[in-house]
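Top line first, the protein sequences correspond to chains S and D.
Count the first sequence with the working numbering and you get residues 128 to 560, in order.
Count the second sequence with the working numbering and you get residues 148 to 420, in order.
These aren't lab readings, by the way, just hints derived from the structure by calculation.
The model shown is predicted, which means the values in this text are computed figures rather than measured ones.
Some but not every residue of chain D turned toward chain S, in silico, with C-beta under 7 Å: (1) Arg172; (2) His173; (3) Leu177; (4) Val180; (5) Ile188; (6) Lys191; (7) Leu257; (8) Arg259; (9) Gln260; (10) Pro261; (11) Gly262; (12) Phe329; (13) Arg330; (14) Asp331; (15) His414; (16) Val417.
Using C-beta positions, here's what the derived DEER-type ranges look like: (17) D:Glu418 / S:Arg371: 31 to 37 Å; (18) D:Glu418 / S:His365: 30 to 36 Å; (19) D:Arg365 / S:Arg148: 36 to 42 Å; (20) D:Ser170 / S:Arg312: 32 to 38 Å; (21) S:Ala271 / D:Phe194: 17 to 23 Å.
Each residue gets a CB set at the ideal place from its N, CA and C atoms; glycine is no exception.
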Amino acid sequence: MALAIEARQLGKRFRRYDPHRPWTFQEVVARGWRRGGPEYFWGLREIDLAIEAGTTVGVIGANGAGKSTLLRLLGGIGQPDEGSIKVHGRVSGLLSLGAGFHSDLTGRENVLVTGIIGGLTRAEVEREFDSIVDFAELRDAIDAPLRTYSSGMEMRLAFAVAIHVQSSVLLIDEVLAVGDLAFQRKCLNRILDLKARGVTIVLVSHDAATVATLCEEALWLESGRIVEHGPAPSVVNHYVAMMRARAQQRNEAETLSRTPGDRPPLRTSSGATLEVRRNRFGSLEMELIDVQLLDSYGSPTAEIVPGDCLNVEILYDAPGAIPRPVFGVTITGNGGRVCLDTSTDREDFTLPLIRNRGTISVRFEGLRLPAGLYHVDVGVYQQDWSYAYDYHYNSYPLRMRAEGAGCGAMEAARIIWRHESQDSGSRRLARVR
Amino acid sequence: MPVRGAGLHRAKCQTMEFVNQFSFRHAVDLLRVLVSRDLKIRYKRSFLGMAWSLLNPLLQLLVFRSVFRFLLPLNIASYTLFLFSGILVWTWFQSSWMGATNCIVENAGLIRQPGFPAAVLPLVTITSNLFHFVLALPVLLAASLLSGHRAGALWMLPLIMAVQFAFTSGVSYLTASLHVRFRDTQHLLGIVLLLGFYLVPIFYSVASVPPRLQPYYRLNPMVHILEAYRAVLLTGGMPAWKPLVSVAALSAVLLCAAVGIFVRSSHAFVEEL
Chain S
128 MALAIEARQL GKRFRRYDPH RPWTFQEVVA RGWRRGGPEY FWGLREIDLA IEAGTTVGVI
188 GANGAGKSTL LRLLGGIGQP DEGSIKVHGR VSGLLSLGAG FHSDLTGREN VLVTGIIGGL
248 TRAEVEREFD SIVDFAELRD AIDAPLRTYS SGMEMRLAFA VAIHVQSSVL LIDEVLAVGD
308 LAFQRKCLNR ILDLKARGVT IVLVSHDAAT VATLCEEALW LESGRIVEHG PAPSVVNHYV
368 AMMRARAQQR NEAETLSRTP GDRPPLRTSS GATLEVRRNR FGSLEMELID VQLLDSYGSP
428 TAEIVPGDCL NVEILYDAPG AIPRPVFGVT ITGNGGRVCL DTSTDREDFT LPLIRNRGTI
488 SVRFEGLRLP AGLYHVDVGV YQQDWSYAYD YHYNSYPLRM RAEGAGCGAM EAARIIWRHE
548 SQDSGSRRLA RVR
Chain D
148 MPVRGAGLHR AKCQTMEFVN QFSFRHAVDL LRVLVSRDLK IRYKRSFLGM AWSLLNPLLQ
208 LLVFRSVFRF LLPLNIASYT LFLFSGILVW TWFQSSWMGA TNCIVENAGL IRQPGFPAAV
268 LPLVTITSNL FHFVLALPVL LAASLLSGHR AGALWMLPLI MAVQFAFTSG VSYLTASLHV
328 RFRDTQHLLG IVLLLGFYLV PIFYSVASVP PRLQPYYRLN PMVHILEAYR AVLLTGGMPA
388 WKPLVSVAAL SAVLLCAAVG IFVRSSHAFV EEL
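Could you put together the complete structure from these sequences and hints?
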């Protein structure tokens, strides 16, 4: 198949922002022309691409990964500092929509200007004019000055013009569709149309789901280099998994930084002693003042058999109002290995504004784990999971007795969260699984 | 580290790729539509509209004529026409050069469109200012004929205008790319043009310049361009060949060099904008 885009060892570097770099002649005169060697950083490095015509490629990556830089080079804006890039055919983009718009001109005049700026000839714009106006659903307003348009109308017009530029390669920077839901569907359908016609599409997006559904290939960039380039669903999965793991690392660091230096040790009714920075972490804006492991009869226990019920009862205290905290309970095995994990947000049990004292409990019914020693870690987290308010680590031991044949599974038949607030006397219950 | 030689080769490849994409028809359409957009924007909501093209120079004319007739009399035949021609030509030159210097910075959004030829932007400014010039020319011509002047060799007019266009484009490409990097270029240019007004025989004649300074004075290309216009419009004769041809040659060389510099620096525009 013919290649639409070829890149060999492509590299682009940028000057690091230097506040001392003169940007007027006046500054040159005042400060003197200091040739203090500019510092560079590579926006893209060693990019090798071979994209066949008609493919839709999604470019994903964290901010600053080089996605927009790659798109610009594909559009011929700027030149590579290393390697080469070759794009076959006319290139157009859904980039900076409405760049040529001027509010004093009518919609009609703006379509003509923007269409030609986008790459069409005058004849082509005149030929496609009706189609553009119909797509934008602006037949009545097309001869009114642009300043009378709402922002939605402007966006629709800009999109309509951009999407009518017949090119072999289409570059899309995040903005895939504009307008209300119905119009967005129209935009997507049009893009699918272009796909069917064999247009090569390069889409930069932060929306992993869109990339997975719309694109055949995905290109994952990280700090200017290719991490992975392959079939969209698998690359997107790897990317999402990596992002989640990173977020978790960030949360741990954030929690540690917010943990106060000293606090009197907390003693729970089960006899555990919790000391900050040893087995207790968190900002302590909200505290877990008591945690108990109870059996099905409600008496404290540290040992159960497979199939038993386990109640983890947490007494909390929030002197200040805490919006929608998330409670999490994890059963960990040797070396902190997570065996079972549940939290109030994952199980869709959102808590309201929490104030003062209350009890929250989670009941594991039919708990099965291989025989051995475990720990129950409990924590209450900020609603976005950015850091923990209070986290008790390896403080509540739980022994699973061996019974009958060795149990290999790690599961609970049912997990039920229950919340009882002393403040309002309310009770809430959620059953999951 | 990229090798220097390899760098040039790569640059050539990229240029070649764009030659394939470049369409003359599209460039012309683009120039046309951007000029018409410029003119429409300027006149859409103004009360006097197109009349401004004429009113501006006429008002200037009025002021200068009054000053140099009543306050500081100069002995120049048909001073009004003399002055009017100078003002029109200089206005085209000044507004073009000033406007074109800023055209890249002003149109940052357009530069970012894939396949957009940035080199067309300075030409847009010069052409739309040419429009105002051309609108006022018939008035000048009519006034000249009515005053009994012979306006012969009118076919030379477009040629002189072409030379002025080439010269203006040349200097504009240079300052336009410079302004992207050093943002006070336009400001400095304003001062240069302010002084330049007095270094071109707009409101005085070349003969007034002391003989000692004449050779230096005549180094200014605009002097010869203006003299050429005056020769055709006011005296009805042919303009002096040698100076005009020299200016034409200089403009051609300048234009080629300036476009080359512009295109080379245009790759870094997006970073600076």
